[in-house]
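Start from the sequences and build out the full structure, keeping to the hints where you can.
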Amino acid sequence: MYKEYKNGVKALNGVSLSIDKGEFVFLVGPSGAGKSTLIKLLLKEENPTSGTILLNNMDITSVKNRKIPYIRRNIGVVFQDFRLLPNKTVYENIAFAMEIVGAHPKEIRRNVPMVLSMVDLSNKAHCYPDELSGGEHQRVAISRAIVNNPPVLIADEPTGNLDPDTAWEIMKVLRDINRRGTTVLMATHAKDIVDVMKRRVIAIESGKIVRDEEKGVYENEISHI
Amino acid sequence: MKMKFRIFKNIMKQGFQGAWRNRGMGMASIGSITAVLVILGIVLIMVLSINNLVLETKGKFDEIQVFLEDDISQEVSKAIEEEALGSQGVLTVIYKPKEEALQDMKKDWGENAYLLEGLEPNPLNNSYIVKLKDIEYADEVVDKLSKLDGVEDINYYQDLIEKMIVIANYVRGGGLIITAILILISIFIISNTIKITVTARKREVNIMKYVGATNGYIRGPFIIEGVLFGLIGAILSILIVNYGYDYFFHTISTELYVLFTVYLVPPKALIKDISIIFVSIGMGIGALGSMVSLKRFLNV
Numbered sequence: 001m002y003k004e005y006k007n008g009v010k011a012l013n014g015v016s017l018s019i020d021k022g023e024f025v026f027l028v029g030p031s032g033a034g035k036s037t038l039i040k041l042l043l044k045e046e047n048p049t050s051g052t053i054l055l056n057n058m059d060i061t062s063v064k065n066r067k068i069p070y071i072r073r074n075i076g077v078v079f080q081d082f083r084l085l086p087n088k089t090v091y092e093n094i095a096f097a098m099e100i101v102g103a104h105p106k107e108i109r110r111n112v113p114m115v116l117s118m119v120d121l122s123n124k125a126h127c128y129p130d131e132l133s134g135g136e137h138q139r140v141a142i143s144r145a146i147v148n149n150p151p152v153l154i155a156d157e158p159t160g161n162l163d164p165d166t167a168w169e170i171m172k173v174l175r176d177i178n179r180r181g182t183t184v185l186m187a188t189h190a191k192d193i194v195d196v197m198k199r200r201v202i203a204i205e206s207g208k209i210v211r212d213e214e215k216g217v218y219e220n221e222i223s224h225i
Numbered sequence: 001m002k003m004k005f006r007i008f009k010n011i012m013k014q015g016f017q018g019a020w021r022n023r024g025m026g027m028a029s030i031g032s033i034t035a036v037l038v039i040l041g042i043v044l045i046m047v048l049s050i051n052n053l054v055l056e057t058k059g060k061f062d063e064i065q066v067f068l069e070d071d072i073s074q075e076v077s078k079a080i081e082e083e084a085l086g087s088q089g090v091l092t093v094i095y096k097p098k099e100e101a102l103q104d105m106k107k108d109w110g111e112n113a114y115l116l117e118g119l120e121p122n123p124l125n126n127s128y129i130v131k132l133k134d135i136e137y138a139d140e141v142v143d144k145l146s147k148l149d150g151v152e153d154i155n156y157y158q159d160l161i162e163k164m165i166v167i168a169n170y171v172r173g174g175g176l177i178i179t180a181i182l183i184l185i186s187i188f189i190i191s192n193t194i195k196i197t198v199t200a201r202k203r204e205v206n207i208m209k210y211v212g213a214t215n216g217y218i219r220g221p222f223i224i225e226g227v228l229f230g231l232i233g234a235i236l237s238i239l240i241v242n243y244g245y246d247y248f249f250h251t252i253s254t255e256l257y258v259l260f261t262v263y264l265v266p267p268k269a270l271i272k273d274i275s276i277i278f279v280s281i282g283m284g285i286g287a288l289g290s291m292v293s294l295k296r297f298l299n300v
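Residue numbers (the numbering used here), protein chains in the order written: chain A, 1 to 225; chain B, 1 to 300.
What the hints contain is simulated information worked out from the structure, not anything from laboratory work. Do not rely on the hints blindly, as some may be mistaken.
[Claimed, not checked] Between beta-carbon pairs, the in silico distance windows are:
(1) A:55 with B:199: 29 to 35 Å
(2) A:175 with B:2: 33 to 39 Å
(3) A:130 with B:251: 58 to 64 Å
(4) B:240 with A:151: 53 to 59 Å
Predicted model only: the values in this text are computed from it and were never measured. Positions of the beta carbon are idealized from the N, C-alpha and C atoms, including for glycine.
Following this line, the structure appears as structure tokens:
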């Protein structure tokens, strides 16, 4: 897959990877390596200059703009800056994601408490975001990402704004979600997390995959020495 | 189907919420739409009244007066009458002797009629009053009759009518241009108002996009907000134009008697048409304004 921005920056230069259903994958690499671009391509925010993207064996490289929302419903997203609606409660923030797809009110009343209990936030359902801590913010964001049961969850540096203890809470939640069968792709700079989790690691540098190994670590020891 | 309905309900709800939250700026949009429609209403009433006036005058002046030379024989006069009757578009031909003409003149002059006393011999001409089906036939008939022997002069009102039609066209054209400009201005104002809402809710819209909301779902509430502003503006302007014109009409008809009101369109005849026109234009402006401001914004 290739991606060249209009300003001539070659953000991705021949990246080829495949992630199986149910995998937990870390995407690592220095800033500007192309991690964000890769995620943007997956979310259909940008189109690749050349190459193809398959989701569930369906080619989503050149779908019409009109269809993009339906693709995004298969992918839950979590961002570093949480992106919750400040004027809605925790419950409403999550219900919002279900209302958009036209879910039945009964389903909403059932699923929202369910995901909230999964992330251990049942008691904060009626709080507003500004009453929550950073870790709680992110757990709400994760709940929102998974409430519609997408097969894939993409997390773009979900622990970037959190202290190490809270970051581990989030990782536990993500691991639980992965155990339930959701494919998780997480871009991160958190070396310790990657090293401890021992999952597949894909390292990108200057738009190329430099390493892809099962049970990998953040940095290749050889290059380190 | 049920899912679609729920989505529709959500969109409606959010549209109304947005309009309420944004009511300060909404006032500006509603005000501009109301102003545009009120001006459109005034133009409309003017155009209709002038049309009415043209029609009325046309009816009144659909006759031509053919003055005969003095001392013509019975035969010549008869020939003129027959020629006139035989022309296309002529309804009746009535002979009006000069004595009758003088009587009419005296009546018209009223108090000053004494000035006409003792006019001997009668300086007026005998004439035929030729009544036409339509003023359009006048030119042809005049052309034909003026060539005949014994015809001194022909008087008719074609010029006047033509001038009035020209004026009516100017009023119509001018009104149309003014209205078009005003509509563009209010689309601009609405689109700015909606742009402010959109910017204020940029975060929300962004999140909606990531969660997989369709463009229609995102756009819907804003369009409803715009349409709502348009509708309120339309209702206000219908009330203003209706009551304003009603008041104007009645003041004029009591102060100036019926002289003037014959030419004005009665308010009752207008209300239905004006309501339909205003509501559709108001809502159209609202929807268009929203779409203009959303077009660039949604391209992600």
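Comparing the hints with the structure gives:
1. A:55 with B:199: 29 to 35 Å: holds (32 Å)
2. A:175 with B:2: 33 to 39 Å: holds (37 Å)
3. A:130 with B:251: 58 to 64 Å: Taking Cβ atoms as reference, residue 130 (chain A) and residue 251 (chain B) lie about 60 Å apart, which means the hint holds.
4. B:240 with A:151: 53 to 59 Å: Holds, at about 58 Å.
Violation of the numbered hints given earlier is absent; every hint is satisfied by the structure.
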